[in-house]
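Trainee: Each chain, written out:
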Amino acid sequence: MNTIAPVFEDAEKGSSLWHDAWLRLRKNKLALFGGSVLLFMVVVALLTPWIAPYSYEAQNLDLGASPPSAAHWLGTDIFGRDVLTQIMYGGRISLAVGFIATAVALLIGVTWGAVAGYVGGRVDAVMMRLVDILYALPFMIFIVLLMVVFGRNILLLFLAIGAVEWLTMARIMRSQVQSLRQQEFVEAAVSVGLSPAAIIHKHVVPNALGPIIVYTTLTIPSVMLLEAFLSFLGLGIQPPATSWGLLISYGAETMEEYPWLLIFPGCALTLTLFSLNFLGDGLRDALDVRGSKD
Amino acid sequence: MLRFMFIRILQALPVIFVVITATFFLVRSAPGGPFDQEKVVIPEVKKALEAQYRLDLPLHEQYFAYLGDLAQGDLGPSFKYPGRSVNEILFAGLPVTAELGLYALIIALCIGVTAGVFASLRPNTAQDYVPMSLAMIGICMPSFLLGPLLVLVFGIWLDWLPITGWGDIPGDKILPAVTLGSAYAAYIARLSRAGMLEILSQDYIRTARAKGLSEWRVVTQHALRGGLIPVIAFLGPAFAGLLAGSFVVETIFQIPGLGRFYVQAAFNRDYTMILGTTVFLSSLIVFFNLVSDIIAAWLNPRLRHQFQGGGS
Amino acid sequence: MTLLSVDNLSVSFVTRNGTNKAVDNVSFSVEERQITAIIGESGSGKSVSCYAMLGLVPSPPGRIDGGTALFQGQDLLALSEAKLRAIRGRDIAMIFQDPMTCLNPFMKIGDQLIEPLTLHKGLAKGPAREQAMALLDEVGIRDPQAAMSAFPHEFSGGMRQRVMIAMALINEPKLLIADEPTTALDVTIQAQILKLIAELQTKRDIGVLFISHDLAVVSDIADQIVVMEKGKVVESGQPKAIFDSPQHPYTQKLLAAIPSGQKAGDTVAPDPLIRIENLRTWFTPTGGADPVKAVDDVSLEIHRGEVLGLVGESGSGKSTLGRSILRLVPITDGKIAFEGTELSSLEGRSLKQFRHRMQMIFQDPYASLNPRMTVYDTLAEPLLLHGLVNKAGLDEAIRELMDNVGLARGFVRKYPHEFSGGQRQRIAIGRALATRPEFIVADEPVSALDVTIQAQILDLLAELTKEYGLTMLFISHDLAVIRQIADRIAVMYHGKLVEEGSTAQVFETPQQDYTRSLLAAIPGADAA
Chain A
187 MNTIAPVFED
197 AEKGSSLWHD
207 AWLRLRKNKL
217 ALFGGSVLLF
227 MVVVALLTPW
237 IAPYSYEAQN
247 LDLGASPPSA
257 AHWLGTDIFG
267 RDVLTQIMYG
277 GRISLAVGFI
287 ATAVALLIGV
297 TWGAVAGYVG
307 GRVDAVMMRL
317 VDILYALPFM
327 IFIVLLMVVF
337 GRNILLLFLA
347 IGAVEWLTMA
357 RIMRSQVQSL
367 RQQEFVEAAV
377 SVGLSPAAII
387 HKHVVPNALG
397 PIIVYTTLTI
407 PSVMLLEAFL
417 SFLGLGIQPP
427 ATSWGLLISY
437 GAETMEEYPW
447 LLIFPGCALT
457 LTLFSLNFLG
467 DGLRDALDVR
477 GSKD
Chain B
-1 MLRFMFIRIL
9 QALPVIFVVI
19 TATFFLVRSA
29 PGGPFDQEKV
39 VIPEVKKALE
49 AQYRLDLPLH
59 EQYFAYLGDL
69 AQGDLGPSFK
79 YPGRSVNEIL
89 FAGLPVTAEL
99 GLYALIIALC
109 IGVTAGVFAS
119 LRPNTAQDYV
129 PMSLAMIGIC
139 MPSFLLGPLL
149 VLVFGIWLDW
159 LPITGWGDIP
169 GDKILPAVTL
179 GSAYAAYIAR
189 LSRAGMLEIL
199 SQDYIRTARA
209 KGLSEWRVVT
219 QHALRGGLIP
229 VIAFLGPAFA
239 GLLAGSFVVE
249 TIFQIPGLGR
259 FYVQAAFNRD
269 YTMILGTTVF
279 LSSLIVFFNL
289 VSDIIAAWLN
299 PRLRHQFQGG
309 GS
Chain C
61 MTLLSVDNLS
71 VSFVTRNGTN
81 KAVDNVSFSV
91 EERQITAIIG
101 ESGSGKSVSC
111 YAMLGLVPSP
121 PGRIDGGTAL
131 FQGQDLLALS
141 EAKLRAIRGR
151 DIAMIFQDPM
161 TCLNPFMKIG
171 DQLIEPLTLH
181 KGLAKGPARE
191 QAMALLDEVG
201 IRDPQAAMSA
211 FPHEFSGGMR
221 QRVMIAMALI
231 NEPKLLIADE
241 PTTALDVTIQ
251 AQILKLIAEL
261 QTKRDIGVLF
271 ISHDLAVVSD
281 IADQIVVMEK
291 GKVVESGQPK
301 AIFDSPQHPY
311 TQKLLAAIPS
321 GQKAGDTVAP
331 DPLIRIENLR
341 TWFTPTGGAD
351 PVKAVDDVSL
361 EIHRGEVLGL
371 VGESGSGKST
381 LGRSILRLVP
391 ITDGKIAFEG
401 TELSSLEGRS
411 LKQFRHRMQM
421 IFQDPYASLN
431 PRMTVYDTLA
441 EPLLLHGLVN
451 KAGLDEAIRE
461 LMDNVGLARG
471 FVRKYPHEFS
481 GGQRQRIAIG
491 RALATRPEFI
501 VADEPVSALD
511 VTIQAQILDL
521 LAELTKEYGL
531 TMLFISHDLA
541 VIRQIADRIA
551 VMYHGKLVEE
561 GSTAQVFETP
571 QQDYTRSLLA
581 AIPGADAA
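Residue numbers (this note's numbering), protein chains in the order written: chain A, 187 to 480; chain B, -1 to 310; chain C, 61 to 588.
Don't read these hints as lab results, they were simulated from the structure.
All C-beta atoms, glycine included, are put in the ideal place defined by N, C-alpha and C.
It cannot be assumed that every hint is accurate.
As the list claims (entries may be wrong) - If you only want the chain C side, here are some residues facing chain B, beta carbon under 8 Å, derived:
1. L116
2. A146
3. R150
4. M154
5. F156
6. T161
7. L163
8. N164
9. E175
10. P204
11. M208
12. S209
13. F211
14. H213
15. Y553
Modelling step: build the complete structure from the supplied sequences, incorporating the hints.
Mentor: Listed below in structure tokens is the structure:
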């Protein structure tokens, strides 16, 4: 399909805005650091069943809790279980909740916001009224309620968290779509004669992606914090599964005698959240500028 | 302005109503009642108890009866602590939580605004990176991690500050307030930095400089007004978050506040307690959001003007 | 007596993309009680030179490389920040381009006005307010008392600029620097403000440094003109000399770019391609307030093959009229007939069939192009959509379009942000021509462009209309531009059509007062 060749042989390749953004991102050391750490965490989480030093259930009651040593790099808990292994398995859950719940929120929020923003009028008014009411509800209280009342079901956990986060996503998408709709190049597309579907597909969505990507990257840490919070209160992930939140709550209980049980899971969580936030901030800076205006 | 306030208040009422209704039916639809966890109770006694607490009525009748009580400000008796009403327990715990929240908010505002504004004056330099990285830590370290760590360092290893209680030993309010406030300090720092950066790039700041104003006056007289509006608008959601955060902090530091009662009530299926606390807290949050919105709108002369219906 | 003398000033900007010499060895002067105008297009360094003198250029990216700026015996560039601050707002005052954004929206007008007084002269609030009100009166604000407690957004652009002028003059400075003070204002308001500045200058014996991109505007009031291009001064002298015998090629280019002359009206047989009857486009804001009558009962004919110039100030409804014809905004009432077919009732598929016969060119060339589509994509879209070419002929068709609008073929895979404003507008024109329309609405197509580029694009449009026999509705606020390109003119004011006629008629024998005031406001009528 090399039709460009004959007529436009010496045409230079242009530098798209995505390309410019990538170049800008590459220069941001913090964002790169964050991205690498995140990648590392994800890879470790995926490979955990194969690379964890000990099996998840392996206990060593004789040993009990012990500080970091050659055999157990991060120490052991009161059942003699290897802390590093615990953190790795906990990470799988925490990261999974983070990504999946965010994906759910993304899907619902983006669709809702895009429809409301593009269609406008009464449909928009109704859709956003619903968002406003839900937004005003003190969700923290409801989530606690939900979790207690309906039991500690991991699926429900995802749904509950997703239900909180999709609202802001919808608002952002809607305001993006609304402002894009008024842009002259969209008007131009209308005057050329494109159908609304084609306009959304070719003109609106590609230009709305930027803030959506940024916000998604920044939602994941929010979600992970929420999961950790619920697990800490005993309402989230339940044993025998584990998450960083659970590990931290156990660690807090015995922190005087065995501080490593608190510190290491805490580091894992904080480091991951740091990375996500740096990456998100970096993306925001990189994608923000629309290129020189002249 | 009054009209605006009135409309917002009207908008808030359905929300509270939805909260009450949803909570009521949610709680009741859960399996298990408040008395199921007790030791085995003789059926007749159980029936009498249920009658006393209106549990033998059909659900919708219970609902309307409850609404009636609510209208009179009566949140009902506690199931778990016979002889004490929800109102009593709530108002015992409220001052504690309120005080904790207030201190946390003050810490958050002072540290956050100072750091954020300071950072915004010299963006992309050390003056910017240092405060903002510290702020990032506040955001990335949840209170249930920070709290125990602070306790570990300052309470146990250094033994500078007490680690439990509230008002019993001097200084025991410091760690909880700092723990609760630090995440918000971080958010407020970021918000004020962003707000200030936005304002400082505006043309009218250049006008102020062209008039010969010192940088200090430019920032305080001209920039702060607009730059801090996002922070004011954030106060509403911040309050809601502080309340939620208090659950954790009160648990860690053994503080007898509302948050701790709420979590316990939830576990104990103490219906009226759960319902009462939820309704109360939700109303507070809605109220705070309302006040925050109104203040933010009032601070923006364009909006203020619009709502006064005046204009030339 | 020389008030300000700038010698060999050089300013650079150091960014991560390299160092840019914004001002290169620039010298100019302002005499007491005289107006010196600095003329240049964007990027010429005219504003930066003045900002640098007052220390208003942010120091990390900006850097003063050398030169002196002598004001009352002191070199401004060598002064400490504290000393410079004392001079700013007291001895040298500045007014800026956009009155909308240059006043603090959160502070009352009165509070902002008295600041220079309380700061520099140590006056107490009471006497300061007295003086402020007196000055408001002097600049023509009707109710100074009420104005003091008002907020900026309550005023129109022209009034805000008056407030800015008052704020600048309140300390009785010796030198006033005005950075494009009228560029953002409507034509009639522009004339008023220019008059005000000239009056105040004589009355108060101050020197004025007037920065602009518009030679015509300054020709009326300047005693001396300095022309800058790409950071250098290319020519300077008295207005008469500059206009009569410009030496430097750039000056000549600038002069040539001033829209002049009148289009020799082609004898176009009046054959109405578009007929508009009692068109109403009203916008009703949610909340049931009074509707905004953007287009209010307008009836008009546009003849095949002609260029109809639609002129009006902001808020006149001219853009809305253009968009209404193209069905880009919903019409409230009335008829629009295109070659006999009633457009207002068409929908969906049938409307689409008409779309390729009428196209639009927008004002802001950057906003009207999808930043994520290459030139190829943008031009291909309409071609493919209306089935005008198949895949095989696409390249050829695009090549032809690019040649027609003067775009080098090598640019075909580049993105909008890689082009200059003029080039972007060419792309937009190419897109409009792609479907071989019969009718084009050009909505202020050159208003956002630099003067020299304006001339190029205007020529291009004139050429294309002739070559393809296009009918065009050319919307603009600039009568001089319209005069050059339009066969007939229609004048709009507050949504209504107030006058209509051939270009010659409207310019020589205007019927309505409003038209007369518009004509009177055209700058540069006195010079040349």
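Trainee: The structure should be examined with respect to each hint, and the outcome stated for every one.
Mentor: Hints, verified against the model:
1. L116: holds, 6 Å
2. A146: holds, 7 Å
3. R150: The hint holds - C/R150 has a Cβ within 8 Å of chain B, the shortest such distance being about 6 Å.
4. M154: holds, 4 Å
5. F156: holds, 6 Å
6. T161: With Cβ-Cβ at 4 Å, under 8 Å, it holds.
7. L163: Interface hint status for C/L163: holds (6 Å vs cutoff 8 Å).
8. N164: C/N164 check passes; min Cβ-Cβ to chain B is 5 Å, inside 8 Å.
9. E175: holds, 6 Å
10. P204: violated, 14 Å
11. M208: violated, 14 Å
12. S209: violated, 11 Å
13. F211: Hint holds; C/F211 Cβ to chain B Cβ min 4 Å, cut 8 Å.
14. H213: Interface hint status for C/H213: holds (5 Å vs cutoff 8 Å).
15. Y553: At about 21 Å, which exceeds the 8 Å cut-off, the nearest Cβ of chain B leaves the hint on C/Y553 violated.
Checked against the numbered hints above, the structure violates hints 10, 11, 12, 15; every other hint is satisfied.
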